[in-house]
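Peer 1: Starting from the known structure of chain A, arrange chain B on it as the hints suggest.
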Amino acid sequence: QKEVEQNSGPLSVPEGAIASLNCTYSDRGSQSFFWYRQYSGKSPELIMSIYSNGDKEDGRFTAQLNKASQYVSLLIRDSQPSDSATYLCAGTPTGTASKLTFGTGTRLQVTL
Amino acid sequence: DTEVTQTPKHLVMGMTNKKSLKCEQHMGHRAMYWYKQKAKKPPELMFVYSYEKLSINESVPSRFSPECPNSSLLNLHLHALQPEDSALYLCASSQTDNYEQYFGPGTRLTVT
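Chains A and B are the protein sequences, given in the same order.
Quick note on numbering: the working numbering labels position 93 of the first sequence as 102, and the sequence is numbered without any gaps.
Quick note on numbering: the working numbering labels position 55 of the second sequence as 75, and the sequence is numbered without any gaps.
One chain only, chain A, in its complex shape (with noise of 0.2 Å):
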C-alpha cells in the first residue's frame, strides 16, 4: 500500500466550477500535509499547507484535513484554464519531518 494516495485523473471541470482533488494515508501519524501545483516542464509550487483537522482556506484554495479518516482534499474555486495541471498532495512520515512523501498526483484539466 502507498503511503500516500492520489487518484491519477485527468480529472477534467469546466471553467467556473469547483474542482476536488483528494488524497488518502496510511501513516496515521502523519502530521503535516502539503499540496503542490506541477505545470508540465516546471517544478513544484507550494499552493497550501495544512497541520490540523478541519479548513484553511486561501484565497480560491481551500484544503481540508480529516485525521480521522486520514484524508486530504483540496478545493479549487471557481476553476480557470490556468489551474491545469497535476497537483501533489504530500505528507510527512511519523518521526520523519523533513521528508516528504509525495502521492503520484492528479491531473487536473480546466476546460473552456
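Hints are computed from structural coordinates only; laboratory data are not their basis.
All values derive from a computational prediction rather than experimental measurement.
Treat each hint with caution, since some may be false.
Straight-line alpha carbon distances no greater than 16 Å define the calculated EDC-like cross-link-like pairs of lysine to aspartate or glutamate that follow [to be verified]: (1) A:K108 x B:E78; (2) B:K61 x A:E12; (3) A:K51 x A:D92; (4) A:K108 x A:D36; (5) B:K60 x B:E78; (6) A:K76 x A:E12; (7) A:K51 x B:E23; (8) A:K108 x B:E64; (9) B:K58 x B:E23; (10) B:K58 x B:D105; (11) B:K42 x B:E23; (12) A:K76 x A:E24; (13) A:K108 x B:E120; (14) A:K108 x A:E12; (15) B:K56 x B:E104; (16) B:K61 x A:E14; (17) B:K73 x B:E87; (18) A:K76 x A:D64; (19) B:K60 x A:E14; (20) B:K38 x B:E87; (21) B:K61 x B:E23.
Peer 2: Relative to chain A, chain B alone:
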C-alpha cells in the same frame, strides 16, 4: 520572497564527465534538500541538509555527492553517471526541517 535558484537550467553530460549542480537561497532557511524527478513521477528525496550538516541520505549511489558550503548554498557533484540518471533535479529549502519546502526551478539533466 520564497525564491530558490538553481544553475544550470539544462545540462548534458557524458558518462565519464564530472559536473556540479548549484542551488542557492537567501531566505535564511536552515534546511536544504535535493530531489530527483523522472517524467510523470513525483519527486524522490535524495539528500537533506539541516544546519549545514547532512541529516538524510536516501541510499543514493556514490556517483552523486552533495555538499553544503554554507547555509545559503547547496551543491550536487556528479561523476560517472548512467543514462538512467537523466531526470529533473530539484533543490528545495525550508525554514527548518519541519516546515514548508519551497522548490527551485530545477536542472534538467541528460546523461549520454
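Peer 1: Would you mind marking each hint as holding or not holding in the structure?
Peer 2: Structure-based check of all given hints:
Between A:K108 and B:E78 the CA atoms are separated by roughly 10 Å; this keeps the pair inside 16 Å, and the hint holds. Under the criterion of a C-alpha separation no larger than 16 Å, the hint pairing B:K61 with A:E12 is consistent with the structure, at around 15 Å. Under the criterion of a C-alpha separation no larger than 16 Å, the hint pairing A:K51 with A:D92 is consistent with the structure, at around 14 Å. Between A:K108 and A:D36 the alpha-carbon distance is near 13 Å, which keeps this suggested pair within the 16 Å criterion.
At most 16 Å may separate the alpha-carbon atoms for a hinted pair to count; B:K60 and B:E78 exceed this at roughly 21 Å. Only pairs whose Cα atoms come within 16 Å are accepted, and A:K76 paired with A:E12 is accepted, the gap being roughly 14 Å. Taking the CA atoms of A:K51 and B:E23, the gap is near 14 Å; set against the 16 Å cutoff, the hint holds. Between A:K108 and B:E64 the alpha-carbon distance is near 10 Å, which keeps this suggested pair within the 16 Å criterion.
Of the supplied pair hints, the one linking B:K58 and B:E23 is violated, its CA atoms being roughly 23 Å apart against a limit of 16 Å. For the given pair, B:K58 sits about 9 Å from B:D105 by alpha-carbon distance, which is consistent with the 16 Å threshold. A distance of roughly 14 Å separates the Cα atoms of B:K42 and B:E23; the hinted pair therefore holds under the 16 Å criterion. For the hint pairing A:K76 with A:E24, the CA-to-CA distance comes to about 31 Å; that exceeds 16 Å, so the pair is violated.
With a CA separation close to 11 Å, the supplied pair A:K108 and B:E120 stays within the 16 Å bound. Among the hinted pairs, A:K108 with A:E12 is consistent with the structure: their alpha-carbon atoms are about 13 Å apart, no more than 16 Å. Of the supplied pair hints, the one linking B:K56 and B:E104 holds, its CA atoms being roughly 12 Å apart against a limit of 16 Å. Note on B:K61 and A:E14: the hinted pairing holds, with a Cα-Cα distance of about 13 Å set against a maximum of 16 Å.
Of the supplied pair hints, the one linking B:K73 and B:E87 holds, its CA atoms being roughly 9 Å apart against a limit of 16 Å. Taking the CA atoms of A:K76 and A:D64, the gap is near 12 Å; set against the 16 Å cutoff, the hint holds. The suggested pairing of B:K60 with A:E14 holds, with an alpha-carbon distance near 15 Å, which does not exceed 16 Å. Between B:K38 and B:E87 the alpha-carbon distance is near 15 Å, which keeps this suggested pair within the 16 Å criterion.
For the suggested pair B:K61 and B:E23, the alpha carbons sit about 24 Å apart, so the restraint of at most 16 Å is broken.
Comparing the model with each earlier hint shows violations of hints 5, 9, 12 and 21; every other hint is respected.
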